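Next come the chains, spelled out residue by residue.
Number of protein chains: 2
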Amino acid sequence: MTPQGTSLIGQRAVTGDQAVIRPIDPASGEALAPEYPGLDRHAVAEACQLAEEALTTYRETSLEERASFLETIAAEIEALGDALVERAMAETGLPRARIEGERGRTCGQLRLFASVVRAGEWLDVRIDPALPDRQPMPRVDLRQRHVALGPVAVFGASNFPLAFSVAGGDTASALAAGCPVVVKAHSAHPGTSELVGRAVQKAVASCGLPEGVFSLLFGSGKEIGQALVADPHIQAVGFTGSRNGGLALMATAQARPQPIPVYAEMSSINPVFLLPEALQARAKEIAEGFIGSLNMGAGQFCTNPGLVIAIKGEALDAFTAAAGEAVKGSAAQTMLTPGIHAAYDDGVSQLAGEAREIARGSASEGPHQCQAALFATSSADFLANAALQAEVFGAASLLIECEDLAEMRAVAEQLEGQLTATLQMDDGDLDAARTLLPVLERKAGRVLANGWPTGVEVCHAMVHGGPFPATSDSRTTSVGSAAIHRFLRPVCYQNLPEGLLPEALKEGNPLGVTRLVDGKRD
Amino acid sequence: MTPQGTSLIGQRAVTGDQAVIRPIDPASGEALAPEYPGLDRHAVAEACQLAEEALTTYRETSLEERASFLETIAAEIEALGDALVERAMAETGLPRARIEGERGRTCGQLRLFASVVRAGEWLDVRIDPALPDRQPMPRVDLRQRHVALGPVAVFGASNFPLAFSVAGGDTASALAAGCPVVVKAHSAHPGTSELVGRAVQKAVASCGLPEGVFSLLFGSGKEIGQALVADPHIQAVGFTGSRNGGLALMATAQARPQPIPVYAEMSSINPVFLLPEALQARAKEIAEGFIGSLNMGAGQFCTNPGLVIAIKGEALDAFTAAAGEAVKGSAAQTMLTPGIHAAYDDGVSQLAGEAREIARGSASEGPHQCQAALFATSSADFLANAALQAEVFGAASLLIECEDLAEMRAVAEQLEGQLTATLQMDDGDLDAARTLLPVLERKAGRVLANGWPTGVEVCHAMVHGGPFPATSDSRTTSVGSAAIHRFLRPVCYQNLPEGLLPEALKEGNPLGVTRLVDGKRD
Numbered sequence: 001m002t003p004q005g006t007s008l009i010g011q012r013a014v015t016g017d018q019a020v021i022r023p024i025d026p027a028s029g030e031a032l033a034p035e036y037p038g039l040d041r042h043a044v045a046e047a048c049q050l051a052e053e054a055l056t057t058y059r060e061t062s063l064e065e066r067a068s069f070l071e072t073i074a075a076e077i078e079a080l081g082d083a084l085v086e087r088a089m090a091e092t093g094l095p096r097a098r099i100e101g102e103r104g105r106t107c108g109q110l111r112l113f114a115s116v117v118r119a120g121e122w123l124d125v126r127i128d129p130a131l132p133d134r135q136p137m138p139r140v141d142l143r144q145r146h147v148a149l150g151p152v153a154v155f156g157a158s159n160f161p162l163a164f165s166v167a168g169g170d171t172a173s174a175l176a177a178g179c180p181v182v183v184k185a186h187s188a189h190p191g192t193s194e195l196v197g198r199a200v201q202k203a204v205a206s207c208g209l210p211e212g213v214f215s216l217l218f219g220s221g222k223e224i225g226q227a228l229v230a231d232p233h234i235q236a237v238g239f240t241g242s243r244n245g246g247l248a249l250m251a252t253a254q255a256r257p258q259p260i261p262v263y264a265e266m267s268s269i270n271p272v273f274l275l276p277e278a279l280q281a282r283a284k285e286i287a288e289g290f291i292g293s294l295n296m297g298a299g300q301f302c303t304n305p306g307l308v309i310a311i312k313g314e315a316l317d318a319f320t321a322a323a324g325e326a327v328k329g330s331a332a333q334t335m336l337t338p339g340i341h342a343a344y345d346d347g348v349s350q351l352a353g354e355a356r357e358i359a360r361g362s363a364s365e366g367p368h369q370c371q372a373a374l375f376a377t378s379s380a381d382f383l384a385n386a387a388l389q390a391e392v393f394g395a396a397s398l399l400i401e402c403e404d405l406a407e408m409r410a411v412a413e414q415l416e417g418q419l420t421a422t423l424q425m426d427d428g429d430l431d432a433a434r435t436l437l438p439v440l441e442r443k444a445g446r447v448l449a450n451g452w453p454t455g456v457e458v459c460h461a462m463v464h465g466g467p468f469p470a471t472s473d474s475r476t477t478s479v480g481s482a483a484i485h486r487f488l489r490p491v492c493y494q495n496l497p498e499g500l501l502p503e504a505l506k507e508g509n510p511l512g513v514t515r516l517v518d519g520k521r522d
Numbered sequence: 001m002t003p004q005g006t007s008l009i010g011q012r013a014v015t016g017d018q019a020v021i022r023p024i025d026p027a028s029g030e031a032l033a034p035e036y037p038g039l040d041r042h043a044v045a046e047a048c049q050l051a052e053e054a055l056t057t058y059r060e061t062s063l064e065e066r067a068s069f070l071e072t073i074a075a076e077i078e079a080l081g082d083a084l085v086e087r088a089m090a091e092t093g094l095p096r097a098r099i100e101g102e103r104g105r106t107c108g109q110l111r112l113f114a115s116v117v118r119a120g121e122w123l124d125v126r127i128d129p130a131l132p133d134r135q136p137m138p139r140v141d142l143r144q145r146h147v148a149l150g151p152v153a154v155f156g157a158s159n160f161p162l163a164f165s166v167a168g169g170d171t172a173s174a175l176a177a178g179c180p181v182v183v184k185a186h187s188a189h190p191g192t193s194e195l196v197g198r199a200v201q202k203a204v205a206s207c208g209l210p211e212g213v214f215s216l217l218f219g220s221g222k223e224i225g226q227a228l229v230a231d232p233h234i235q236a237v238g239f240t241g242s243r244n245g246g247l248a249l250m251a252t253a254q255a256r257p258q259p260i261p262v263y264a265e266m267s268s269i270n271p272v273f274l275l276p277e278a279l280q281a282r283a284k285e286i287a288e289g290f291i292g293s294l295n296m297g298a299g300q301f302c303t304n305p306g307l308v309i310a311i312k313g314e315a316l317d318a319f320t321a322a323a324g325e326a327v328k329g330s331a332a333q334t335m336l337t338p339g340i341h342a343a344y345d346d347g348v349s350q351l352a353g354e355a356r357e358i359a360r361g362s363a364s365e366g367p368h369q370c371q372a373a374l375f376a377t378s379s380a381d382f383l384a385n386a387a388l389q390a391e392v393f394g395a396a397s398l399l400i401e402c403e404d405l406a407e408m409r410a411v412a413e414q415l416e417g418q419l420t421a422t423l424q425m426d427d428g429d430l431d432a433a434r435t436l437l438p439v440l441e442r443k444a445g446r447v448l449a450n451g452w453p454t455g456v457e458v459c460h461a462m463v464h465g466g467p468f469p470a471t472s473d474s475r476t477t478s479v480g481s482a483a484i485h486r487f488l489r490p491v492c493y494q495n496l497p498e499g500l501l502p503e504a505l506k507e508g509n510p511l512g513v514t515r516l517v518d519g520k521r522d
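So the sequence lines, in the order shown, correspond to chains D and L. Under UniProt numbering, the first residue of the first sequence is numbered 1, with each subsequent residue one higher. Under UniProt numbering, the first residue of the second sequence is numbered 1, with each subsequent residue one higher.
Just chain D, same shape as in the assembly:
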């Protein structure tokens, strides 16, 4: 299959007539065919109307039907074969191993949600049986399950062309919850988006589902995205991208006659605390791990370690020297888009104006190349300058030099919300870690010891989330099985006759799901 340059509205392929998205190969700067003419507002409304029409059927599909649909999507993506891998490589400048790994992650994620759907924990079934003889008043029969929120708008991210894009975590978890999905494709990888969109479209048809379960929209400006979030049928939004982009969608969602939740994953600098014993024992090893994590994917990860905090001294000098050497030895890497590259260069210039340069990586003559950068500053300067907390998307990091542990803690306390916080620690650092942990738990969705924040496992215990501005809603995660809860709401059924009860709540537990009966797990 080759990309055709079309949006997908239900089962139709639609060619827009608005401003055109022109994909390029960021490694060469050359144009890629085809172009993607954008849609207008009427097309957005049409996709949302179809999603609304699909909801009643789709949200009541059986656990098996829905799980099997998710598995079919995975199989259809795999069936795209090398055409998908090559197109994604061309549109992103990312290497084959990364794209193949990401395809594996994307399909694994769909299959994980299939297993989550089948297990049925997400229904959160609760039954409080009637107590007709209770004094002073009888209790009626009360049963709760969770239902789909409604049609969901998903915004593909630029930095994971598969795993956080058309059939990525947001789409997989929304579909798992029983929500039809309307995706606004990211303009950075339209061909990849269309190929994956056609795989989903095919799965909708082969599973006999209503066509409105999935649509994929292209639009070059912000209008299509804003219209999508404003559409009255849309009931929730999943977004991964910049802080400004997320804030704009949050504002639109709140200004609707009926406000809706926005799950925006926005901005994080992922502080890494080097505790004294660990720094003393293995400064060089930690420095190498750090720069490895920093350079991964040209630093274009939400979990890129953009801040390192340590106490001054010989051990830190050794770390800084080793990290500086590693940065100097870092080859330039192609960034995802000209816009991301320009923003990276701007961010690095700002850091250079505010902090001391430790090292820069190799320059390159190709277009859109990320030249790694490491800066340092004192904790006093960091605490006095909120601008130093701004995310620089790419392989740039800032080292904060503290006088003592109390200053490290002061830095931690002043941090904005984060996706992750990391402790590099040895056995002798336990007390120091205990001092920091209560602060870090409040700042971040994930706390790590002796690892690096890049590399987000898709599993049940993962939290890829965190307090604002890391995300718009710290109560949730966008990676892992708990992501399904973002698209559900509880409904209580009081005294309904058995013939009217949803399957999940019927006597005898026909779905075999875990239930809380009278407050006890059965």
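It should be emphasised that the hints constitute simulated quantities derived from the structure, not laboratory data. Computed from a predicted model, the values in this text were never measured in an experiment. Incorrect hints may appear among the rest.
Cβ-Cβ distance ranges computed for the label pairs, FRET-style [what the hints assert, rightly or not]: (1) E285/L with E60/D: 31 to 37 Å; (2) L131/D with G519/L: 30 to 36 Å; (3) P136/D with G366/L: 28 to 34 Å; (4) E35/D with E507/L: 54 to 60 Å; (5) G428/D with A251/L: 48 to 54 Å; (6) V517/D with E60/L: 26 to 32 Å; (7) A386/D with G208/L: 37 to 43 Å; (8) G512/L with P129/D: 22 to 28 Å; (9) A406/D with E60/L: 46 to 52 Å.
Note that CB positions come from ideal geometry on N, CA and C, so glycine has one too.
Chain L: place on chain D using the hints.
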């Protein structure tokens, strides 16, 4: 104990110096002593700062300590004895049985949350153990638990002076989640609020908790409430009240540098659908049940049945006649405040201008009396006039006369979000109910058959929530054990040494809580 006219900031009693709240007995219109001088913004900031300082200790109290604190609050409220009952009766005009019942509900609710805390399901413990030999990449050890969001602002409601006020559902669930609470007292029952506040304050002290776990603030205008929601330490808001009040708090919460969740329970007209067979078989009985529910507490319930939908015909005529008779026989009842009474009279006048009056209840010469009211209109008029969906807080209801089931469904589809939707149905109505149910599930948090929406059981399966404008967040409930989830967020711990792990996540499950291990419930 008698009320002193003070706010409570931590363990101190504080007399404000701003505009004064002058409590009255709404039954007589007479003033009640003492007066409550309002606080200023500095006092709000002080209470929030104390809450912040209390958080680190309080959120890590053991399950037993926290449960026992909730039980101590219940015991302290009971220990207030008749002084509390009499003060609440005087301030609200509600009868003794209602206040005593509500006290039982309030203390029962605190004890329910104690049992929820002990059971530990709310921790949502998830463990994905390390898989060092996994190919192509090993998996690290990942563990998740839920932690308290942070200090919570609670706004007491006027219509439940105990159960939705100072130590009501919002406070109980926030404290259960490990969040310190700062309550803005409702000006309609300040003495009741102070008495209950002192009971909580006493429990904080006797349980040896940091004083900032609880504060109670008085302020006569909107400034104190807005300052509270804007305070940077506050991390979530619980509110029960008017649509305008809730919208104002939502706007303040969104405009903060760090937006926070607002759980506002606002406005609902609680449609009741009379299905044909049931109406045919028991028009008079249904009419009596309806008016009983309508008149309960002078209709001052969020779940008051403000809308009845049925198909025209003889059976509906019989229902209307019987309901009209029952309304005519309804005695006037004292409303909670002059403001609520004035708003009720305005709302009834508006309905009188748009719909046909069926009956009014007895008039009364006392002040602030609710004179029950029943109106009727055609489904065509209802569908054409959004103003007919406005909540009239009090014993007023509107009957919608439809031509057929399709029109009933059209009415259902046009409804705004609701707390409840009710079906009056007999066996022969199953098909009609199946037509409506998918619509009602999307509109309401609770769907009832053959009951009345007033009377909200405090249990595990309850949902007192629903789509906007019933609440600001349909993903939650403000009544029942699931209300605790509003004040929690997940944190993932990656590869932490055993000595640093929270108790809930340690090897061997020392808390004995239910856990999801590798996706399976253990």
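Going through the numbered hints above, which ones does this structure break? Give me the numbers in ascending order.
The structure conflicts with hint 9 only, although it agrees with all the remaining ones.
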